[in-house]
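Protein chains: 4
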Amino acid sequence: MNTFEKHESEVRGYCRSFPAVFASAKGAWMTDEKGKRHLDFFAGAGVLNYGHNPDRMKQALLEYIERDGITHTLDMYSEAKEAFIRRFDEVILAPRGLSYKFQFPGPTGTNAVEAALKLARKVTGRQEIVGFTNAFHGMTLGSLSVTGNGFKRAGAGVPLTHTSAVPFDGYLGQDTDTLDYFEAMLVDNGSGLEVPAAVIVETVQAEGGVNVASVEWLRRLREITAKHGIVMIVDDIQVGCGRTGRFFSFEEAGIVPDIVTLSKSLSGYGLPLALVLIKPELDQWAPGEHNGTFRGHCPAFVTATAALDYWTDDTLARSVAAKSALVRERLEKMVRRLGAQATVRGRGLIYGVDFADASIAGKVSAACFERGLILETAGIDDQVLKLLPSLTIEEADLKKGLDIIEASLEAVLGRAVRKAA
Amino acid sequence: MNTFEKHESEVRGYCRSFPAVFASAKGAWMTDEKGKRHLDFFAGAGVLNYGHNPDRMKQALLEYIERDGITHTLDMYSEAKEAFIRRFDEVILAPRGLSYKFQFPGPTGTNAVEAALKLARKVTGRQEIVGFTNAFHGMTLGSLSVTGNGFKRAGAGVPLTHTSAVPFDGYLGQDTDTLDYFEAMLVDNGSGLEVPAAVIVETVQAEGGVNVASVEWLRRLREITAKHGIVMIVDDIQVGCGRTGRFFSFEEAGIVPDIVTLSKSLSGYGLPLALVLIKPELDQWAPGEHNGTFRGHCPAFVTATAALDYWTDDTLARSVAAKSALVRERLEKMVRRLGAQATVRGRGLIYGVDFADASIAGKVSAACFERGLILETAGIDDQVLKLLPSLTIEEADLKKGLDIIEASLEAVLGRAVRKAA
Amino acid sequence: MNTFEKHESEVRGYCRSFPAVFASAKGAWMTDEKGKRHLDFFAGAGVLNYGHNPDRMKQALLEYIERDGITHTLDMYSEAKEAFIRRFDEVILAPRGLSYKFQFPGPTGTNAVEAALKLARKVTGRQEIVGFTNAFHGMTLGSLSVTGNGFKRAGAGVPLTHTSAVPFDGYLGQDTDTLDYFEAMLVDNGSGLEVPAAVIVETVQAEGGVNVASVEWLRRLREITAKHGIVMIVDDIQVGCGRTGRFFSFEEAGIVPDIVTLSKSLSGYGLPLALVLIKPELDQWAPGEHNGTFRGHCPAFVTATAALDYWTDDTLARSVAAKSALVRERLEKMVRRLGAQATVRGRGLIYGVDFADASIAGKVSAACFERGLILETAGIDDQVLKLLPSLTIEEADLKKGLDIIEASLEAVLGRAVRKAA
Amino acid sequence: MNTFEKHESEVRGYCRSFPAVFASAKGAWMTDEKGKRHLDFFAGAGVLNYGHNPDRMKQALLEYIERDGITHTLDMYSEAKEAFIRRFDEVILAPRGLSYKFQFPGPTGTNAVEAALKLARKVTGRQEIVGFTNAFHGMTLGSLSVTGNGFKRAGAGVPLTHTSAVPFDGYLGQDTDTLDYFEAMLVDNGSGLEVPAAVIVETVQAEGGVNVASVEWLRRLREITAKHGIVMIVDDIQVGCGRTGRFFSFEEAGIVPDIVTLSKSLSGYGLPLALVLIKPELDQWAPGEHNGTFRGHCPAFVTATAALDYWTDDTLARSVAAKSALVRERLEKMVRRLGAQATVRGRGLIYGVDFADASIAGKVSAACFERGLILETAGIDDQVLKLLPSLTIEEADLKKGLDIIEASLEAVLGRAVRKAA
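Protein chains in written order, with the working numbering: chain A, 4 to 424; chain B, 4 to 424; chain C, 4 to 424; chain D, 4 to 424.
Worth flagging that the hints you see were computed from the coordinates, not collected in a lab.
Keep in mind that the hints are not guaranteed to be accurate.
Since copy identity is lost for identical chains, a pair holds within one copy or between any two.
[Stated by the list, open to error] Pairs of lysine-lysine, DSS-like flavour, derived with a Cα cap of 25 Å:
#1 Lys282 <-> Lys9
#2 Lys155 <-> Lys282
#3 Lys402 <-> Lys326
#4 Lys366 <-> Lys39
Construct all of the structure, not just a fragment, from the sequences and the given hints.
Here you go:
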């Protein structure tokens with residue numbers, strides 16, 4: 004680790020929580036340089052929905068490289084891109100009655116968000132974007148301006164403007180529909196809040212602490228935005244691609260966003276790729292108005308196309324639903340059993356345990372790492388334990404991970420009790 | 004091509020100039036779905052300095068994937084990253100007496116620029132950044148704010164603030180040292196220009212029209228910035244990694260920037276990767292203050308490490324120098340022979356032919372494509388023909404490309420003459 | 004009127020509602036060029052709390068001019084300024100246990116607000132300012148950025164940034180304490196709302212529609228701001244100087260703001276003057292850091308000093324209280340009697356009648372003008388009839404004005420009924 | 004002075020340079036509370052072009068107040084305003100072939116500038132405003148954003164955006180036409196400088212150090228702005244109303260600005276008043292889109308109307324020209340005689356002596372005060388002695404003041420010599 008400490012910038016982060024040098028990985032398991040195996044309940048922050056190095060994509064990738072398939076094309080046409088577009092339309096869009104245009108921005112989530120914000124502003128001729136409390140959309144200046152985290156925002160070094168934060172579902176307690184507030188501000192031309200170009204929303208705020216928007220709230224947000232001519236952007240970068248069970252996280256609510264951003268698990272293999280889906284009538288880009296060098300990253304198209312095989316039927320979705328129930332039950336049970344002051348929240352295979360004592364989650368994460376489980380925290384004070392296993396995890400591994408969490412929580416609470424005593 | 008026209012957003016750009024569907028590639032050649040071969044003088048806008056799918060990197064990449072080397076690690080430690088850092092330090096930094104810290108941002112150039120701007124603002128506590136006329140640094144909001152192109156800037160949909168544009172070397176004619184203007188504004192507290200956090204500069208403005216800063220101008224800029232405590236950022240994304248002959252484009256000027264951004268040819272294979280090099284005393288990031296999902300993209304580390312083998316001696320640099328002389332001579336000769344109103348500019352293997360009649364460059368590019376050569380235009384009015392062949396191109400191929408350019412230019416000027424007649 | 008239509012800009016406003024050319028005025032009465040007398044229930048939008056051309060100030064002013072007292076001194080010292088400062092301290096500040104520093108900005112309300120915002124930002128080192136829905140603080144860029152009115156804001160022609168609008172008392176209905184929302188956003192570092200430099204508030208929003216903050220809400224706002232180190236600015240430009248009964252409008256709530264802005268009725272005679280009162284520990288201005296040519300406008304100091312004679316005892320305050328009760332009773336009675344869908348709101352001698360049918364207020368104002376009463380509307384849709392008679396109005400005149408309002412309302416509602424029939 | 008030190012904010016400025024408490028004034032003389040008379044070469048920073056309390060205006064003012072002429076009308080019509088508009092049109096506009104619309108903003112210069120910027124942005128639909136190095140336009144946020152002084156700008160506490168500073172005439176030495184730079188940036192869509200909504204310019208930068216734009220430069224600026232559809236705003240607040248000889252400072256150049264701002268000496272008596280003159284085709288304001296409480300300040304209209312009597316013939320203009328020649332000659336002579344490293348600049352009755360040693364001007368100003376002369380400094384380092392006597396000053400007083408300056412300069416340079424020795 005000396006190499007990293009000596010040469011890598013202080014900005015490095017996750018490596019501080021999980022101090023191992025990783026060498027290889029397969030499925031739900033990561034192996035470090037010393038040969039130690041770690042069970043992965045983090046899945047690359049949502050990148051590895053299909054696990055590490057899944058064989059189906061791996062073979063397609065090896066073959067493509069082997070035969071000198073073109074690697075880099077900027078946004079010129081390529082066979083690999085064509086195959087992906089066709090397959091995505093066939094497997095994902097058409098069956099859902101959706102018809103979106105495809106924009107491939109630079110291959111990271113924040114590039115996709117920046118593109119979406121630009122387009123919404125262009126199409127409406129307005130500048131303001133409404134985001135939500137505790138949202139996370141990325142680290143470049145545009146995406147950061149709709150991100151809630153004060154520490155990350157301060158990093159901008161300049162004021163983040165042309166955006167307003169509105170309370171997310173549940174923010175003011177379960178008795179208050181936060182959209183009452185938003186709508187009141189919106190219809191009053193004296194409120195100081197302009198009608199925005201767009202609203203950008205995560206259906207489940209992952210970084211923000213696993214905050215789950217209700218189906219009703221999402222539907223009302225869709226109605227309000229439609230009524231006022233506001234572009235509705237669903238940022239499905241972290242919880243799309245099956246994380247909540249179906250391919251898109253908004254399907255359950257029965258809504259159709261105007262723009263959808265995807266990245267993370269899109270390539271299915273951990274290769275950088277991002278996609279902006281745009282309702283055809285909003286596709287008012289001029290050629291080259293937004294660009295980026297690596298938007299035509301063909302190996303990622305190859306694995307992304309292969310990954311779509313998971314979505315030709317509902318096998319994966321049903322499996323996620325079953326695992327989701329298992330996780331929820333276990334978490335609620337362990338919280339009760341151990342008398343933890345904590346709330347369990349989640350959908351599909353993203354779960355959070357929100358502790359009243361904000362220091363607990365970090366300690367549990369550290370205790371899990373000692374026991375061979377990679378598990379992150381989330382929320383503004385890192386007060387939430389965030390479970391994000393791959394969707395394809397074996398049930399036995401899932402249970403093993405939950406066992407480790409329970410043991411770790413017990414140990415932490417035990418220590419906590421001892422300290423208080 | 005129907006798939007693209009039907010499904011892909013209007014934002015697509017290069018595919019309109021080069022309407023072919025590419026399938027495979029090797030070295031300086033791209034092959035389309037119909038089997039037609041195209042000689043590549045564009046090199047993925049600077050991504051493919053070592054040509055398409057170079058075998059040395061290819062083998063390393065295949066082996067890594069084959070053995071399930073870990074693909075995605077966020078910014079956790081990995082063997083692949085460690086090997087890259089060590090090798091880059093050993094081959095590039097140490098021999099040049101440089102000691103930079105490594106920051107891996109999201110794997111695109113614009114993410115690197117955003118990180119550099121943030122850090123410069125943090126370190127200095129100032130907000131203003133000075134960029135140059137006709138600069139290009141990226142499409143996300145922060146990078147766009149230091150980019151000159153009015154069309155791209157308008158795409159932001161919001162004002163681009165906290166930046167000022169200062170004339171690049173040569174902007175006001177060869178008799179005016181534009182740094183006189185910059186320095187006058189800087190030392191006068193009544194000028195309306197604050198002392199900025201940073202100056203960001205390309206030593207050769209590629210997108211801006213192949214504008215080449217002189218060695219003297221770069222040195223003076225380094226002196227001015229040092230004197231006023233301004234962070235000097237060299238954006239070496241397009242002309243670093245050997246494009247101008249040596250690894251860094253600023254080596255010839257004998258200066259040491261405070262921050263250097265790299266991407267494009269860094270992975271050597273067209274895989275997305277970006278790097279911010281930071282003087283140790285400026286590495287004042289807090290952990291996680293800037294992040295990004297794909298900053299630990301291990302296959303790219305693997306090829307990037309293999310690519311460094313090119314830099315263990317000066318073979319490549321000498322080869323580039325020889326090819327550079329050849330290109331310059333041929334271009335100047337053809338311009339003279341054909342009586343074109345044009346200026347030839349360039350360094351290393353980036354050359355521009357700037358036509359007085361702005362419409363000519365686009366016509367020549369189209370004529371080249373018909374003749375099997377991929378060649379882009381640059382400059383605010385696309386008035387500059389931009390030559391960007393891979394550094395490893397065979398001399399025969401280089402000459403072939405130059406022949407095509409000459410034939411195309413002759414054809415276009417012939418047509419132009421006929422029109423005028 | 005031809006002169007005005009021919010030469011004056013289209014921006015002129017009130018003259019369109021009250022199309023007469025005024026020549027002279029005394030007390031509550033204005034006389035136009037044709038000799039017609041108009042009863043004034045507008046009081047120069049709060050400038051004429053002591054009526055037009057009150058004799059006490061008039062004599063002092065005439066004597067000062069007659070003896071060539073210095074008129075203009077920028078911010079050099081003058082006898083006139085010294086007398087004002089002493090008298091204001093003696094009559095207003097000391098008896099209330101207040102010790103503020105005096106800053107005289109340019110002599111308009113918006114200049115005072117701009118100074119207050121600058122100082123709050125300097126003292127805290129923060130940039131964000133929180134204002135309230137339907138606030139009005141002025142038309143220069145800084146003041147406009149905390150003003151709610153969308154039409155006025157759009158007039159800026161640039162985005163209004165570094166400010167957030169928070170719901171004013173009662174904005175979300177009587178069951179919701181809007182400060183719950185503000186405090187939730189404030190304590191959550193992930194909310195996207197920074198801890199602001201300052202909160203700026205009117206205790207009664209005059210332009211915004213005569214919205215009255217409760218004493219409890221103001222106290223809680225003072226507590227929240229104190230707790231979080233936020234500068235509390237009370238903008239008492241329109242409802243200070245006795246409009247609500249006591250000299251400062253916030254006295255009733257028993258709070259002490261950090262900064263208070265005054266203008267309008269401060270000079271007592273309609274002469275431009277403005278004052279920023281600053282808690283001594285916040286007086287961190289550097290000399291000349293904020294300036295303005297007319298900040299030393301001595302004739303206004305002279306009348307302002309004379310006006311303070313009204314405040315040596317509580318005669319005026321008691322008189323306002325009595326008139327307030329009379330106005331409220333009459334308004335509520337007429338609304339009931341005529342079956343108007345309207346709410347009566349107010350404090351001291353500022354009252355609003357807020358009609359469910361937004362078109363009524365304007366019609367009543369026009370009908371009043373025909374009957375010899377000057378009476379304005381307020382609120383984002385001009386839906387509120389705003390009563391703002393001078394504090395010193397004779398009771399008979401007050402009743403006469405109320406009679407005219409009642410007759411006008413009856414006529415308008417009668418017409419409305421006829422239309423509906 | 005205890006009252007001021009105890010109660011007035013630290014922001015007070017000029018009183019520190021001229022520590023006297025002024026009581027009365029007449030013509031070119033100010034009398035302090037101790038009866039000491041001070042000769043005034045500052046003229047209220049340009050407010051008192053006709054001297055202190057000129058009798059013609061004084062009588063009109065006294066009569067108006069005496070007969071209860073209406074004092075305050077917001078922007079309702081008044082006889083006093085009508086008389087002013089008519090007289091200004093008759094005496095100033097019509098004879099010069101000008102036809103501007105009149106907008107009366109809040110009665111300070113900065114309010115006029117804010118209105119002008121808003122209107123230019125509205126009319127063009129653009130946001131950027133170009134100002135010049137060392138410009139001074141006011142202290143509210145909009146005006147400050149086109150002001151050069153770094154200390155004043157920092158006082159904003161927020162970034163000042165949507166503006167760019169371009170070098171004023173002579174800024175880069177006498178051999179460089181700074182408009183070459185501006186025009187190059189303007190025509191190049193890749194320069195990073197948008198075509199702005201407006202250019203705002205002072206023909207003589209007073210606060211900025213008495214920098215005089217040449218007639219040729221002003222004409223070229225008018226041509227460039229006309230060609231590119233840029234609104235040309237001349238801020239004539241400090242050097243209009245006769246300061247340079249003719250009523251408007253731009254008359255000598257023979258140009259017609261699109262918008263002109265006036266204030267300071269407009270009322271002729273030191274009473275706050277401001278005026279924006281707008282070409283009729285640009286008068287695209289909506290009613291009430293910009294407002295301000297004291298825009299209808301009738302006593303100021305009364306004195307402003309009386310002041311126009313000075314402009315019915317060219318007596319004043321000729322007198323200013325004669326005094327200008329006298330001042331220039333004396334200043335140049337004394338600089339030569341005393342061997343000062345200094346430059347004399349000026350037009351009409353605004354003159355600056357710019358010392359190479361920046362500390363001298365302040366010492367001379369202090370030495371003048373000791374000798375009974377009020378004289379300010381200007382320029383970013385207070386390096387310029389600024390002479391701004393009233394236009395109506397007696398020749399004997401003018402000479403007396405020049406004598407004091409010479410004596411003071413001699414004394415200061417003597418001391419300087421001694422120190423160096």
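So, going through the hints one by one against the coordinates:
1. Lys282 <-> Lys9: So lysine 282 and lysine 9 pass the 25 Å test across copies only (13 Å; inside, 48 Å).
2. Lys155 <-> Lys282: between (31 Å within a copy, 22 Å between copies)
3. Lys402 <-> Lys326: within (10 Å within a copy, 62 Å between copies)
4. Lys366 <-> Lys39: Cα proximity of lysine 366 and lysine 39: one copy only (21 Å, versus 60 Å across).
When held up to the earlier numbered hints, the structure conflicts with none and fits them all.
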